[in-house]
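Residue numbers (my numbering), protein chains in the order written: chain C, 1 to 360; chain B, 1001 to 1360; chain U, 2001 to 2360.
A portion of the hints provided could be inaccurate.
[Claimed, not checked] For each label pair, taking beta carbons as the anchor points, the in silico distance ranges come out as:
#	chain 1	residue 1	chain 2	residue 2	range
1	B	T1315	C	P216	35 to 43 angstroms
2	C	R359	U	R2279	40 to 48 angstroms
3	C	K37	B	D1314	40 to 48 angstroms
4	U	T2248	C	D314	45 to 53 angstroms
5	B	D1349	C	N268	54 to 62 angstroms
In case anyone wonders, no lab produced these hints; they're calculated from the structure.
The C-beta atom is built at its ideal place from N, Cα and C for all residues, glycine as well.
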Amino acid sequence: MRSLNSILDLSVEELDGLIASAKDIIAHPEHYWDACKHKKLATLFFEPSTRTRLSFEAAMLELGGSVIGFSEASSSSAAKGESMADTAKILSCYADIMAIRHPKDGAPYVASRNATVPVINAGDGMHNHPTQTLADLLTISREMGRLNDLTIGFCGDLKYGRTVHSLIEAMSRYPGIKFVLISPEELKLPGFVRFNILEKHHIPYTEVTSLEDALPELDVLYMTRIQRERFDDPWQYERLKDSYVLDTNKMKLAKEKMSVLHPLPRVNEISVAVDDDPRAAYFRQALNGKYMRMALILMLLKEAERNPEREEIDTSNLRYDLVCHNPRCISATEQELPQIFRTTDKAADIHRCIYCEQRA
Amino acid sequence: MRSLNSILDLSVEELDGLIASAKDIIAHPEHYWDACKHKKLATLFFEPSTRTRLSFEAAMLELGGSVIGFSEASSSSAAKGESMADTAKILSCYADIMAIRHPKDGAPYVASRNATVPVINAGDGMHNHPTQTLADLLTISREMGRLNDLTIGFCGDLKYGRTVHSLIEAMSRYPGIKFVLISPEELKLPGFVRFNILEKHHIPYTEVTSLEDALPELDVLYMTRIQRERFDDPWQYERLKDSYVLDTNKMKLAKEKMSVLHPLPRVNEISVAVDDDPRAAYFRQALNGKYMRMALILMLLKEAERNPEREEIDTSNLRYDLVCHNPRCISATEQELPQIFRTTDKAADIHRCIYCEQRA
Amino acid sequence: MRSLNSILDLSVEELDGLIASAKDIIAHPEHYWDACKHKKLATLFFEPSTRTRLSFEAAMLELGGSVIGFSEASSSSAAKGESMADTAKILSCYADIMAIRHPKDGAPYVASRNATVPVINAGDGMHNHPTQTLADLLTISREMGRLNDLTIGFCGDLKYGRTVHSLIEAMSRYPGIKFVLISPEELKLPGFVRFNILEKHHIPYTEVTSLEDALPELDVLYMTRIQRERFDDPWQYERLKDSYVLDTNKMKLAKEKMSVLHPLPRVNEISVAVDDDPRAAYFRQALNGKYMRMALILMLLKEAERNPEREEIDTSNLRYDLVCHNPRCISATEQELPQIFRTTDKAADIHRCIYCEQRA
């Protein structure tokens, strides 16, 4: 039995398999109408995220399965102080697979270590959101016809955007990828992503502040929202925000065959007028997310049938003598959860919490 | 592809067709068990309305379809500032038809202009609630055996009761209808309904303040709730409220073959003791609502299959130079939504917002 | 047609039938895949209780039925002042059976007197929670192989724990049962349970304050949570709480064949380390709850089909001249609900409210 916590839990071969599976679902939806008959998905959303939740629910229903769950923590036993581990154990009695959204980093991982059914991370705090990345990958594959040899621009908030970090990680494993990182100085890609992914794997990238300058060379433009509250100085935000808004004028600078992605919801960072441009792929991206979730549910349920035992945790390089200071980490609140770190770089003395992956 | 925004979107022939369809469903529910197999209804309730939502959900399930959705805005992406248009586009990826309840006038209409699947207005602010009117019509048809040649009394809050206005509009298209409007002075039917519907179509009506005086002549009595907050003077409310409460004593004044309707929920405007009277039709009305929603879902899905293109907007008599001042109008909050008015009466210089239908 | 309000609504023969039915479901789940096809369960949760709700929903889905409902009152018409009676009448139009959770004692009973479909009490205030007791009974039966000749310890809050009172009532009807009541002085079993059940039926019991002293003789240990807010003196709580925490050390004192139950959620009254002990039955208990709910839904739907008429209320010994002073009683808020008491002990002049069962 396997769970999905991070996009890196999947090998490139598995990603390609999921993409192929999603394309087969798109081509022959009727082949899958009974694929999950008598199976139940539990959508455990400890914070609201309507689109993600409904995407999972639509996915399961289109596979012939059914759905139980909740859409915010106030309706859940967590409000009575139940631990994530207990919730996972109990929900395993009711459902065959779970999708968990949680404000705490690492909560779905803790669930996956206690559930007796597969757990899908549907977004945990500032940490991971792998099914968004699956949607992004299928979209690039369908829009551009390939996942290699692409120049991909990321625009907006590259500092806090977990979907950005995750897609950079995933795309870095394909050949011929070049990144253009477009953001204000305040919201540049964090050092750990640059060092651990881009530089480690020798991926070419440039950092720029002007969307207009970058646009002409891009095959893919991944837009994200810039939030006012990320700036210490509100004037700085007011001065900057418009230059990162994609409108029909800026679209004129782009290649004829380019693809605009956005994880949605969009507020005003893409003008509504751009929606009619054939290069605007963000609503098709939402549709692709449903198909990739279908492919993922199928894969995890098949794997659980083949091998009902939970995957063993990799026990190498673990340390039990450090304490996680990330206030958003599930280890800060979960009852009787041991503090565990993994040494990810012995030479540099880097140890990361196994739940939230923050450094000690 | 068609949507249902207002009861007037349906011709009398279509209304009769829906009523006939609902009666066939009642007679042979088993014929419809697979009618919507592999179809999904999205119930997007941006404000709670349990009975309406569950009626839609029961309707879809009895047609063999399935349901996704949310029951209040706090669980929705709207809380993150997503526009109605974007929500409609994304939900079109997940569902085959939508029912939308929204506190803003015109929100389901905006959704229907952006969705690629049919949208049913399940109640928008103070504006429309067409499926309630469908329930009312089937109830009158089943209880009285006809929709023509009836004296229909409306009692209570005729000023703000959108279900009252909507049923008056719908019934005005049948021959031989007479209305008795029973309300306190403060809550009389607004002028625009009297002028635009009753007087324009020469429908006979009387306005009275006494329920007891009106009762003997009625074939149908449509009760509504009088809310304390509608009165400037609380003493006025206290003085009046009991005279608009239907109890077993007042029922003695009514015809033996009369039908009492109420959109529900009832608070105390109909005494619980009246429930056992065979003329009390309001719980059967709730059941009829489910059957009409089934007939409507079937009709709209069939229409969408026949013609997947969105109906063109009628572009005659549109004006783009006016601004809507209705604070409840969706145009007050929806991002990048153009202000559009339609000239409904050139001679009288009357222009109405196409979203909320308020005058400029 | 029957409803389930209290565990005592079921005879011992019926309980045994439900347990046998649940065991058959466990052995042959595929026999039941279509048992409730075209049937709908409404889960009406006027206060959140995720585990109970999801257990009911999973149960109905595993029987091939479908589910509608709500998970908290804010999404319900109750927020608009609708009575329980009206809600029950309307929901009878949408569903074939209902499970109702409500903060008011007696609310599901009022619903069952107005619904035209069976109503299951899924927990009402401090009053009843019969399906939890069904889960407890199946667990004892499966873990111990019998429901008779057992020494059962109840530990923790025996004063307010409605699951404790209910299981004591249910088990008191089996032969050879002995109870050990383990609690601090402040949280002892209330007199009315001791007198009306234990002493009336001559059930042997002992009252002790030490869990450690009691453990060696127990066949079943039913743990409950001690809540800080039950104590006038916080120091008293601090002094006591640890002695009622079950940990691996205390488990060493227990029989090798003993079974630990807990209604869940658990906060810290059972150490997580105990979960791995084969005697820890509380997660299997959650699973058993689902199977008993399946058996119950099947039984009530079959009964409703056989006899669609609502069961007559037992009108003997009723009194209409008393007023219930329990602020949590549904009669305190429900509109036009008559005050009715039943004389349960003429000699002792004891009259109990038929809704909440509190004494006049």
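Practice task
Of all the hints given earlier, name the ones this structure violates by number, lowest first.
Solution key: As far as the earlier hints go, 4 and 5 are violated by this structure, in ascending order.
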